[in-house]
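Participant: Given next are the chains, with one letter for each unit.
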Amino acid sequence: MATVLSPRARRHVELLDHAWRERRGLLGWLTTTDHKRIGLMYLFTSLAFFAAGGVEALLIRTQLIGPAQHLLTPEAYDELFTMHGITMIFLVVIPMTTGAFGNYLVPLMIGARDMAFPRMNAVSFWIFLGSGVFLYIALATGQAPNAGWFDYVPLASKQYDPGLNIDFYGYGLIFNGIASTATAINIIVTIFKLRAPGMSLNRMPLFCFAFLAAAFSLVFALPALTLATIFLELDRQLGFHFYDVAFGGDPLLWQNLFWIFGHPEVYIIILPAFGIATSIIPTFVHRRMVMFPLVALAELLVAFLGFGVWVHHMFAVGLATMVTVYFAAASLIIVIPSAIQIFAWITTILSGTPEFKTPLLWIVGFIVFFIVGGLSGITLAAIPFDQQVNASYYVVAHFHFVIFGGAVFPILGGMYYWFPKVSGRMYHERVGQLSFWLSFIGTWVTFFPMHLVGIDGMPRRIYTYTAASGWATLNALESVGAYVLAAGLLLVIANLAVSLLKGPRAGNDPWRGDTLEWATSSPPPPYNYAVVPTVSSAYPMWDRDDRERDAVRLDRGEGVLARGHETPASTVQDAEFDEVLAMPPHSLWPPLVGLALFVGFVMLLLAHFVIAAAVGGAAALLLLAWHAEAPREEAGAPVPGLGTPGEGAAT
Amino acid sequence: MRDRAAPGMGRRAPWRRACAIASASALCVGGCGGRQSIVAPRSHQAHVISLLWWWMLGASVVVFAGAVGLLALAFLRRRSAGLPLVGKREDLAGGMVIGFGIVVPLVVLVTLFGASDIYAVRFSEAPAPGSTAMTVDVTGHQWWWEVRYPGSQAVTANEVHIPVNTRVRVLATTDDVIHSLWVPRLARKIDMIPGRENAILLDTPDAGRYVGQCSEFCGLAHANMRIAVVAEPAASFAAWLANAARPAPPPAGASATSGRQLFTGRGCDGCHELRGTEAQGQIGPDLSHLASRATLAALTVPNTRAELAAWIEDPQAIKPGAHMPDLGLSAGEAQKIAAYLEGLH
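First to last, the sequence lines map onto chains A and B. According to the numbering used here, the first sequence is numbered sequentially starting from 12. According to the numbering used here, the second sequence is numbered sequentially starting from 2.
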């Protein structure tokens, strides 16, 4: 890359610096619409919740370290396992993947300057933060949700759980869902409309296919959860009877609605992890992904099929055998696209020259864990076996292999992989490998024995067990594993924290990666790329000619778009230059809207419905004020180096 | 596979209330705990499922070893430029993905589908009404199990007596939240859902005591909601059923008689029934033949006089969250009530 800019190029860069300047200091973070800063806020917030969820897990494991322990009361235990689940799903993995990785990396990878809706992006972060604070107020005040993360009625009804606990759950998840939906829509539109000229869909990185699939799943799955929780609160607050069998309701309605969301949710969690894996593998094995189109298809297929399998969470509720057999078949079919991806990764690693550095180690660990979780998942599609081990520790083992091994491992690998890009510095390789091995061993020792105690009949969600059950040894082992795992995770954070301050400079492209984010500086400037990059293959960084031409184009002022806060939009399929979008600048409206909604949900929780309505009205007014500032658009004028809007690419 | 041998049950120390829970599990063996493993089956149904498990485990080990073996191969050959053939030819690499990612899984999955979801599933299906020799009604409550025998007056709790070599249809319902009946050595689990009547089959050739527990989270004492299925020869089952159908026996001795008076005087009868007496409460378990049960509080503690008195005196210390209230009884009163109840064989 050209590091010394000519005077002409420097003038273009200065114009861009000026156009994309944000406020300084704390106010800068509060008002930012920069997808990278929003991504970082997502990252740090979800890491804080990850720590909270981890402490909850350690308390649970310490309680179960031996039979008849007294660290926790049953009340505390029930709140902790419920909060652990809610935290890890809604406050860690979804915001970490779509919020942090998606936000930070999708625009960079597709050569865009921001997300399609920068202010909506900011508002979704503030809503997410608000929903997390909302849920943790519940824990801090000792009235956290306590009916498990899937919150089955009638245990969660007013009759059996009269406190605020379940209301925190209901309102908290409705609140949280707004943020996830907004982020998902943003990712979809960004991927469809903001790809750099030349990045037709078939040249899009697999990372973006995975995030696109996850975002579509979110958009279609979340309404079921929102509806279910609205019904729940109507039952609880206003005496409706959606789930009350005595008045013609049905508790299975909750289970169906919840799992119509809940199973696609698994793929919402795992698909971004697939995306991270398909980014890291080609870089470290120095070759292209094997069967690229098949893998892209498999990613989309997983997301689609994920909507047709939810009843396998309900094989023990007494449905007709025919129904269970259909859903078992669907659950087995979904194995195929997952198997395609696993063997595409393995074959790619096998047929390249792999460099087992820290990021690739986490991905190999992920593949190993995902195979175990996948195999145990297959056994759960064997109906009679599922009817034995459903709701036992076998299931706990299964979904921790899938979610912890399958999603958190790639997330951590991804944190190492993109750390040089985000921070501009390199992490410590040996410590990175040590942190991997500690976590890898810790994960095995924590979660593998859970299969065995499940086979031995231990149900999930019990705060105590007897010595006579014979479960003590394996449980003690699991708890020790949890401490080892915690040490490994702390080492990851320590490595990255120290490297952030003291690590050697990384440069733009320390890995010789294949995707566009490595073309810009580390960390990237607010506008990401001084020149809108052009793309002619799925591995744009390995197309040296294209990247060398970027420098020439900057010098000539082609594709620079420096006259304002702008980004080019392109056509959905072929990514031909379509129009210039004036992006909204930084703003205080998003945090204010987030705050208004937070107050509104607190008022709903406290059943002050009139105040809640008033606050809702205030939020609507804020949105109106926000939209009163129309962006300045100059339609139709030709752009040097990009061509005339709507007439296809000139390059 | 036998249940673990019970060590001697020590006499309770004076500080028993403080560590009642601690000692509960240590003392509660034989009667309360015991093996709950799905791979120690004692019925045809459970046997089929455990066989299914062993085959799936075997196949999983092969798949796992194969995939990890490929990764290990990649590690060993990390310095050479890819594998011979697969590393050089894109079509062969693609073929490997299609072979291992589509063809092999299809064969394995179709086989599994046939074996488990077409064939084995019939053994865990709900038996049709009238297709079995007898029916037992089991109703889940927070946090105990009510057991009734249609056609008989017999009512009991937390223990399901069945005759061996007899197909028994268990009708599983709930009185409050969702519970799940799971006795792994005998049968699959079945959820108990408000407004629904679910059924499973119990049928074992082996006499014995099989422990299970609630496996759907049902609130505070979910962990202490265990159940035992007692399978016994037809003759002893018939004798048990005949006894269980009788009214509660009268108190024997002065202590028991005063315990009998305290039972109604202090309000125990508000929740518990003693058939043939004025105690007609329907909230807690029927106690007409409490002494014939091996355990108390849904297999939380063994049914001894000392445990029973401690349970009556301070239920929360034995089973936190239990709906049985602390009636403020003195130790002496609790002893007398226990003396009475221990006579109800």
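Worth flagging that the hints you see were computed from the coordinates, not collected in a lab. On a predicted model such as this, the values are computed, not experimentally measured, just so you know. A couple of the hints might just be wrong.
[As the list claims (entries may be wrong)] To spell it out: a stretch of chain A is covered by chain B in this simulated footprint if at least three of its residues, at any positions, have a beta carbon under 8 angstroms from a beta carbon of chain B; those stretches are: (1) 85 to 94; (2) 161 to 168; (3) 356 to 362; (4) 381 to 394; (5) 509 to 517.
Beta carbons are placed, not taken as given, at the ideal position from N, Cα and C, and that holds for glycine.
Participant: None of the hints should be skipped; say for each whether it holds.
Facilitator: Now for the hints, and whether the structure bears them out:
1. 85 to 94: holds (count 3)
2. 161 to 168: It holds, with 3 qualifying residues against the three required.
3. 356 to 362: holds (count 6)
4. 381 to 394: It holds: at least three residues are needed, and the region 381 to 394 of chain A offers 9 whose Cβ sits within less than 8 angstroms of chain B.
5. 509 to 517: Per the Cβ count (0), the hint is violated.
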